[in-house]
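Number of protein chains: 2
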Amino acid sequence: MNVVSQLKKFFEPKSVAIFGVSRRTGKEAFNILDNLLSYGYRGKIYPINPNASEILGIKTYPDIQAVPEQCDLAVLNLPRQIISKVVKECAGNGIDSIVIVTQGFGDADDEEGKKLQSELDEIIKGNNVRILGPNSLGIANAFVNFSSSFVKQDMERIPVGLICQTGVFMVGYSFAKFVGKGLDLGNGSDIDMADGLQYFEQDDDIKVVALHIEGMKDGRKFLEAAKKITGKKPVVALKTGKSEQAARAAQSHTGSMAGKDKMWDVGLKQSGIIRVDDIDEFADTVKAFYTLPLMKGNRIAVASYTGGLGIMGIDACNKHGLEIGKLSQPTLKRLEEFYPSWQDVGNPADIWPAIMVERKASLPEIEEMAVDTLLSDPGIDGILCVFGEFLPPGQWRSLTPMIERITNAHPDKPLIFHIYGSFADEAKINIEKTGKSLAFTSVDRAIRALGHLYDYSEFCARH
Amino acid sequence: MNVVSQLKKFFEPKSVAIFGVSRRTGKEAFNILDNLLSYGYRGKIYPINPNASEILGIKTYPDIQAVPEQCDLAVLNLPRQIISKVVKECAGNGIDSIVIVTQGFGDADDEEGKKLQSELDEIIKGNNVRILGPNSLGIANAFVNFSSSFVKQDMERIPVGLICQTGVFMVGYSFAKFVGKGLDLGNGSDIDMADGLQYFEQDDDIKVVALHIEGMKDGRKFLEAAKKITGKKPVVALKTGKSEQAARAAQSHTGSMAGKDKMWDVGLKQSGIIRVDDIDEFADTVKAFYTLPLMKGNRIAVASYTGGLGIMGIDACNKHGLEIGKLSQPTLKRLEEFYPSWQDVGNPADIWPAIMVERKASLPEIEEMAVDTLLSDPGIDGILCVFGEFLPPGQWRSLTPMIERITNAHPDKPLIFHIYGSFADEAKINIEKTGKSLAFTSVDRAIRALGHLYDYSEFCARH
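Protein chains in written order, with this note's numbering: chain F, 778 to 1240; chain V, 778 to 1240.
So that you can see chain F by itself, here it is in the shape it has in the complex (with noise of 0.2 Å):
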């Protein structure tokens, strides 16, 4: 079967049995089946346990063979020793897909474990069954609420595909969801990283692919497949163990080789990955490309409160690449119609004086004409917001009616904001709820986002 049908059945499985399915529920229960109940999955669900009849009302089977039908998929999560065994009795049954929770294989550090890990390896290449694991979170799709997670995941049909070598980015952070669809590969015996980018590279539900590394043993075939999708969507990725100490820890922890992290910089960049150094980033980017147009230039304007922050936009600017837009007569006209006589008009635009001084207009309607006068300008390919919250929600203007116009009237523009002030969590919320634009925490992250939508808008040009 190809790996793409393979994979489809792990990601959207019609029928699913859970080995090793325990009674306790609650708070550190970490119980499949009790999560998966939870999220309102279709599919037939076969918990296996020799011990009950049923649980959490859910009729339980003593082993494969008691099931009435052929699932498309296991999902072990037994001692390591029986590992191997039930494989192999799922094998026999037709079970072609098989998701193995257990720790203690190539990650373990006794001889027992390497025992283990060399077993499996020779079940899998002597069975027609394709292992996801061992020490994984397994598989989950928010587009089927199916999750074979023991930690609890917070569904999103998010367009994001991911793929990870720790549980971590499946579950995710409150402020940085990876998961539409995700894919922990835990130590990577059989399904691997490339398995994976074929997978996202034909599904339509996926426009970003998300990926940690830690590293993996066939770098060719991975940076070969990655060359295949990153015309088509944009790959993040956040590949860790970067010193040696880290790297060594890697191959423990996953029993997979790190490498070299300069050889990892030039080969993300020849296949067109995007690389991210930190969680932050991670999540930023991710966010970025599923919610916002790409920048088709470098060329920025920055709305500013303040002159202080606008000069951090420019520093932001030369370091991430980017360039501060020089801007056409006609928008320096139209913007001097507000300013004060003894400012200059200029890019990052400072309209502090129009609101303070001049007053014009109103601080919203200043707000929006600066931002739509300067999207306006065909030398300006995205914008960044530095804008004050200085009122509790309900006391102050909504972002909400201003960002829909602007982007309704300039669809191939980012625009995206950073706020100051006491309620800039609330604002952060209010600008992020539109679906189409971004608020970020700094200036600098804000611009960093905007460089990796100009970069990889580079990249497709080139490609």
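Be careful, since some hints might not be right.
Since the list gives no way to pick one copy over another, a pair counts as held whenever it fits inside one copy or between any two copies.
What the hints assert, rightly or not - Heads up, simulated SDA-like pairs for lysine to any residue below, C-alpha to C-alpha not over 20 Å straight-line:
no.: 1; residue 1: K1096; residue 2: S1020
no.: 2; residue 1: K1046; residue 2: I859
no.: 3; residue 1: K1137; residue 2: D1149
no.: 4; residue 1: K1009; residue 2: Q975
no.: 5; residue 1: K998; residue 2: R1136
no.: 6; residue 1: K1096; residue 2: D1042
no.: 7; residue 1: K1096; residue 2: R1052
Simulated from the structure, these hints should not be mistaken for lab results. Every value quoted in this text rests on a predicted model; they were computed, and no experiment measured them.
Using the hints provided, position chain V relative to the given structure of chain F.
Okay, now just chain V, sitting in the frame of chain F:
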């Protein structure tokens, strides 16, 4: 009068005259008097307005001569043309401390602005008067509930003294406050950063000084003042205007020279100032200095739910000049009791198999055992905990009791967190409410903060 006594009149005025108070209240009013009345300031307030007898219930005066006492401070928010005249009137009435809020002097782009600035400079020279500004929000002091800012401030008595060249940091962010006491230099015509440093050096309310620097006239005076304070309290600086283009913009913004960035780098370092690169790092570092003990050595422990983020901890230590500490035999032995047999004990300490596989204690017990054991090791100087928060507040454990016990038992070693999961935000709030620990949104940011704590402790040991 020496600078400390002089600035005391700015920071703790017993009476203040406010020029240019309008009747506007509510949104977009930016009314200094309106704000000041809301803080609970206990000094005398004299609004000056020749066209009203009362504003917001406060008796107003037609001019400074009519005010029945000699005020400690005057705040001028008037058209730029009449500022010089009013400064002279104030000086003539014995007022020697004046904030000029008005824009359009050295910061303006027209000849008139330069002329008005020169006039003002002459008046300062010829009179016994000190000016803060022009183009300044002025002064804030949460310890006496006073602020001259026309943007309403969130008053909180944190031990941070801010000196800045943009009002942004006076106002702050929902996620970051920089003002226990704040000094917005604006154009810095007279009172400058060195003056502010001298004041905060002797101010026992202030434990950390935060600087936002665009440029200045007298770098030597500044560095001399810095050298005196940095041995006593940490000084954290965000120096912007790095690129040439940004430096030119800075000159226009505040009328001061930004200078070559490389020279700034050397100068700041030599005087013991901690330089930060962005708003995020500025906020993290200031908060770390007033919340956490210093790192006495450079040896970190990481206690993590996940090997994957442990590896990122190693990368971050490498980047920020710290080391993953080598654990002693007793530490290893104690941890081993909770680990499955197949797992080697080490640092980073991956505690997930102990929680998930061995289950010799509950999750919170294993967490606390690991943190206490690691911090008891004489080879460890501070700890980063990488934990998950998967259930909503109320259902999961509060980290408060653990933080209280651990920080009491190990008062000299910083304890910080990086939390992942769908409820990371709530966990961060819970952690930071203790006032004894912090949570960071990425592993890199967490370790970077510890790096600054170590660097400063090293600096103090050498001086």
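Here's how the hints hold up against the structure:
{"no.": "1", "hint": "K1096 to S1020", "in the structure": "between (24 Å within a copy, 9 Å between copies)"}
{"no.": "2", "hint": "K1046 to I859", "in the structure": "neither (42 Å within a copy, 60 Å between copies)"}
{"no.": "3", "hint": "K1137 to D1149", "in the structure": "within (17 Å within a copy, 62 Å between copies)"}
{"no.": "4", "hint": "K1009 to Q975", "in the structure": "within (12 Å within a copy, 59 Å between copies)"}
{"no.": "5", "hint": "K998 to R1136", "in the structure": "neither (61 Å within a copy, 39 Å between copies)"}
{"no.": "6", "hint": "K1096 to D1042", "in the structure": "both (18 Å within a copy, 16 Å between copies)"}
{"no.": "7", "hint": "K1096 to R1052", "in the structure": "both (16 Å within a copy, 17 Å between copies)"}
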